[in-house]
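Peer 1: Listed here are the chains, written in short residue letters.
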Amino acid sequence: MRKGESDMSKGKNQQETTTSDSVLEPGAPAPDFKLRSTQSLRPDRESSAPDPNKPISLPPDQFISLSELRGRPVILVFYPADWSPVCGDEMVLYNELLPELQRFNATILGISVDSLWSHIAFADDRKLRFPLLSDFEPKGAVARSYGAYRGQDGISERALFVIDADGKIRWSYLSPIDVNPGAEGVLDALEALESKRKVAV
Amino acid sequence: MTQARIARAKLVVPVSEDRDHIRGPKTAPVTLVEYGDYECPFCGQAYYVLKELTQRAGNSMRFVFRNFPLTTLHPHAERAAEAAEAAGDQGEFWEMHEARYQIRIREDFLTGARSGVNGTPTFFINGFRYDGSWELTPLLAAIENAAMDKK
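Note that the protein sequences, when read in sequence, are chains R and Y. For the first sequence, the numbering used here begins at 1 and goes up steadily by one. For the second sequence, the numbering used here begins at 1 and goes up steadily by one.
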């Protein structure tokens with residue numbers, strides 16, 4: 001096994017399709033961050049769907065940090081921008097899979113450089129029930145720390161990270177920017193984490 | 001433009017006569033699987049392409065539809081999928097089977113996600129995801145190629 005490659009990346013055909021010199025690899029500690037969020041974390045309770053009749057209101061200042069999520073798997077979804085086409089939309093797919101992710105006790109966080117206001121409108125429109133974090137100021141700082149920033153375009157890459165309960169990256173994937181990476185890699189990685197945990201117990 | 005993937009995603013649940021609605025001859029060398037959402041406008045367009053495709057491909061292709069309803073965006077999609085499932089089981093009593101349909105649709109959705117379905121419609125030709133355009137000409141060419149490979 002190569003240095004920096006965990007057993008979780010093997011057998012996943014996605015892993016061979018794109019390579020990046022920069023994106024953080026399995027085995028690396030996940031850099032901590034604290035970002036403004038569209039919703040607060042209520043890990044033990046699924047947040048309810050937004051009320052369509054209620055106008056978008058100003059949320060109180062809410063921040064989410066990675067370190068407060070220690071003890072459970074975290075999925076970080078870096079994506080280029082809010083408002084991409086609907087039916088092939090990556091965020092909508094993950095939203096639909098929330099019950100499945102909860103089965104793994106995992107928390108999913110979407111991150112882009114969009115402002116909180118864009119995030120709120122986007123989450124409202126797509127009825128997203130998981131937090132979107134605004135990597136807005138300094139712009140793209142968190143994406144940079146994960147090696148997932150496109151300097152030439154000023155947006156984050158389309159990249160996925162699965163982080164274990166100890167804050168270590170266990171699986172990462174950099175997708176071509178215009179390709180929805182889907183969920184199979186994330187689900188496989190969570191399953192591998194779960195089986196490892198069971199063996200350990 | 002979105003052909004960057006080299007590795008091809010595979011169906012994790014193979015087509016089976018027990019669970020799938022299959023249209024077309026058993027002996028067909030090519031099986032086309034669509035993961036679709038009844039409320040997705042693109043799937044609606046694809047329907048007409050598939051109708052024409054089925055005619056052109058003749059006995060060389062059989063077609064399977066599996067449900068991939070994005071229920072938060074398309075609140076009626078799951079209901080429509082259930083109705084279609086019920087119509088497939090002619091003569092069976094709707095309420096009795098509603099729960100079973102819900103389980104099957106959820107199973108379609110999850111195994112679809114595991115197979116690399118990331119939006120609708122997504123097609124698989126003989127078990128491998130087809131990432132090309134789903135206009136008639138390229139899709140028919142892909143079907144014909146798959147039929148040739150089987151010979």
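Errors might be hidden in some of the hints.
Residues on chain Y that point at chain R, a partial pick, calculated with CB under 8 Å [as the list claims (entries may be wrong)]:
1) Leu70
2) Thr71
3) Leu73
4) Leu110
5) Ser115
6) Gly116
7) Gly119
8) Thr137
9) Leu140
Hint data in this document are derived by calculation from the structure and do not stem from the laboratory. Quantities reported herein were computed from a predicted structural model and do not represent experimental measurements. Each residue gets a CB set at the ideal place from its N, CA and C atoms; glycine is no exception.
Peer 1: Work down the list of hints and note, for each, if the structure agrees.
Peer 2: Verification of the supplied hints:
Residue-level restraint check for leucine 70 of chain Y holds (minimum Cβ-Cβ distance to chain R is 6 Å; threshold 8 Å). Using the Cβ-Cβ criterion of 8 Å, the hint placing threonine 71 of chain Y at the interface with chain R is satisfied: the shortest such distance is roughly 7 Å. Interface restraint check for leucine 73 of chain Y: the shortest CB-CB distance to chain R comes to about 6 Å, inside 8 Å, so the restraint holds. Of the supplied interface hints, the one on leucine 110 of chain Y holds, with its beta-carbon coming within about 6 Å of a beta-carbon of chain R, less than 8 Å.
For the restraint placing serine 115 of chain Y at the interface with chain R, the shortest Cβ-Cβ distance is roughly 7 Å, inside the 8 Å limit, so the hint holds. The interface hint given for glycine 116 of chain Y holds, since its Cβ lies 5 Å from the closest Cβ of chain R, which is under the 8 Å cut-off. The restraint placing glycine 119 of chain Y at the interface with chain R holds, with a minimum CB-CB distance near 3 Å, inside the 8 Å limit. At about 21 Å, the closest approach between the beta carbon of threonine 137 of chain Y and any beta carbon in chain R exceeds 8 Å, and the interface hint on this residue is violated.
Residue-level restraint check for leucine 140 of chain Y is violated (minimum Cβ-Cβ distance to chain R is 23 Å; threshold 8 Å).
The structure does not agree with the numbered hints 8 and 9 stated previously, though it agrees with the rest.
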